[in-house]
Structure formats: C-alpha cells, structure tokens
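Peer 1: This is what each chain is made of:
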Amino acid sequence: MVERQSPLEPEFHVGSHGNFEHGVEIILTETRPGSIVQLAAWPGEEKRLIAAIRTVTGLALPDGAGGGLSDGVKSVFGFAPGKFTVADEAEGLAAAFAKVVTPAIGTVTDLSHGRTAVRIAGPKAEWVLAKFFAIDFSLPAFPVGAGRSTTHHDVFAQIQRTSADQFDIYVFRSFARSFWKALCHASEEVGYEVQ
Amino acid sequence: MLITCPYCGPRDVIEFTYQGDGNRERPDPASQNFEAWNAYVYDRLNPAGDHNEIWQHSGGCRTHLRVVRNTLTHEISSVAFMRGDHGRGDHGSAARRKAEDKS
Ligand SMILES: [Zn+2]
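Which chain is which? The protein sequence lines are A and B, in order.
First residue of the first sequence: 1, per full-length UniProt numbering; consecutive thereafter.
First residue of the second sequence: 1, per full-length UniProt numbering; consecutive thereafter.
These aren't lab readings, by the way, just hints derived from the structure by calculation.
One thing to keep in mind: the hints can contain errors.
As the list claims (entries may be wrong) - Derived DEER-like restraints, expressed as beta-carbon distance ranges: (1) A/E9 with B/P29: 46 to 54 Å; (2) A/P123 with B/P29: 52 to 60 Å; (3) A/A98 with B/N38: 41 to 49 Å; (4) A/A51 with B/N33: 43 to 51 Å; (5) A/V144 with B/Y42: 48 to 56 Å; (6) B/H64 with A/G44: 49 to 57 Å; (7) A/D154 with B/P29: 43 to 51 Å; (8) B/R83 with A/A51: 36 to 44 Å; (9) A/T55 with B/V13: 48 to 56 Å; (10) B/R62 with A/A104: 43 to 51 Å; (11) A/D154 with B/T73: 35 to 43 Å.
The beta-carbon is built from N, C-alpha and C at its ideal position, and this holds for glycine as well.
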C-alpha cells in the first residue's frame, strides 16, 4: 500500500514549543493508526456486534455508554448507541470486520483515510482539553478506555482516554490541520513538545 | 441550557439541533386529507409551560431525542431516545392526545 501522507505535515514541527522553560507539560503526537473503522449494529444486534469486536480484536468491551478499552495497539470505544470506533496500528481492520459483521448484524465503515488521530498526553492534558470541549475530563467522569463524542467549533471529535493523562482525539481529516494548530496554540502557555 | 443526553450525559445546548415541535403527527404520506396536512404543517400548541420537542444530539452521539422543555423557564423535565425498543417513538401522538383531552 502507498505511504499515507499526514494532513498535519505543514504544521507538524517536532521539538519543544511555547512556554517550556519550566518544563514540558504537554506531549502532542499523531498516532497514525493503519486502520480506523466505524461499526454500527442494527437495533437488537448490539451484543452480536460486541462479540464480533472481541473475535476480531481480542478486546472485550465493558458495558455502558461510551465504554471502551485499548491494549496499546488496538483500541475500541462506544460513541453512540450500538455504534463503535475501532482503531488498529495495522492495516486491514475493515476487511477483517467485513468477514464477521454480516449484513444481518450491522455495518462496517472504513474511515482509515477519513479521520486523523491526534494524541495529547501529559499532566496538563485534561486542562488543555477543558479549554476546547465542554465535557467533564476528570478521571471518575471519564475513565481510562472510555470514549466521548463532542464538538469543538462545529468540528466533530471523538475522544478516547487511553491513560490517566493521555487522550486520543479522532477528527475529520479535512479539519485535522486547523484542529492541530488550535491544539498547539492552546498548549503554548504550559509548554508542549511535538514528537 | 444543558440537555442530558441519555447516552452522553449532560451537554451544552450548542451540541444539539432543534428538530421541531414534538406534538405534530405526520399524516400517512399517501393521505389526501388536507386538513390533517394543514394541521401537521401549521398548527402548534404554543404552550407557556412544558413543551414536547424533538432535538438531535448532532454534535455528539447523533441520536434523536424527545425532550420536554418548559418554555418559560427552559427547565428540561425529561429526555428520552426517539427510538423506543421497537424503533418508533410515540412522542407526537401521545402528547397531542393529552393536550386534546384537556381542551
Ligand atoms: Zn448524545
């Protein structure tokens, strides 16, 4: 497969930026998953879809709205009733799901080229994201593995917490560069490093 | 104003799109009953108080919701998925029947 170009490239500047004299408190990276897939179950087929996710990824989704988990390579979370986002470092996830998620269970949409995944980590990650999104980022309200769908200035975003101080944000590829620039600006005052 | 989405939890109203008065009852698309169509398009209860409304969580989980909002206070007394267990909400018809019973 051809090398996929990052939409962030013209604004992706590796190194430390902003007010980092007292230390870097934010790390920004692009995770560049090989696969990003959206799955949707027909009403009543949610359990079969969750079983299919386990078959393909080995990840057992916890119960509840927005539940999810990540093993560091593959990630999955719910973002709407009966709907899930799954990402994998490797390519080919959509093809693997297409074999298991039959038309009677639901749908598989390959978004690998449609979304860009940005990771924000560090002790000030919650604090920077709270400037963007009107949702509760505290650990009890937004546990590790869980996902949230929300918007920043009408740019739709799906956010998964992948550790206590780390979040993966999936945005439309066409909005990714402007979102990335805004995230860099918002991180300036605490000092950030692009890796 | 906050709307508590049954899936996403409390969210700012900016994430939601108003989809209209929830008291309307749409006639069968093949219906030639012009009075029913006229009522569907134009007649509104316009209450000063609790109002049945349809909202979409367009900036979140994207589900359609039936919301009861007080038009005087903006207090939201109930939020539920439009789609019930069997794929169809009873929002409009039930609310209208209730309003008609009162009049
Ligand atoms: Zn929602």
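Peer 1: Work down the list of hints and note, for each, if the structure agrees.
Peer 2: Structure-based check of each hint:
no.: 1; hint: A/E9 with B/P29: 46 to 54 Å; verdict: holds, 50 Å
no.: 2; hint: A/P123 with B/P29: 52 to 60 Å; verdict: holds, 57 Å
no.: 3; hint: A/A98 with B/N38: 41 to 49 Å; verdict: holds, 48 Å
no.: 4; hint: A/A51 with B/N33: 43 to 51 Å; verdict: holds, 47 Å
no.: 5; hint: A/V144 with B/Y42: 48 to 56 Å; verdict: holds, 52 Å
no.: 6; hint: B/H64 with A/G44: 49 to 57 Å; verdict: violated, 18 Å
no.: 7; hint: A/D154 with B/P29: 43 to 51 Å; verdict: violated, 33 Å
no.: 8; hint: B/R83 with A/A51: 36 to 44 Å; verdict: violated, 23 Å
no.: 9; hint: A/T55 with B/V13: 48 to 56 Å; verdict: violated, 40 Å
no.: 10; hint: B/R62 with A/A104: 43 to 51 Å; verdict: violated, 23 Å
no.: 11; hint: A/D154 with B/T73: 35 to 43 Å; verdict: violated, 28 Å
In terms of the numbered hints stated before, the structure departs from hints 6, 7, 8, 9, 10, 11, listed from lowest to highest.
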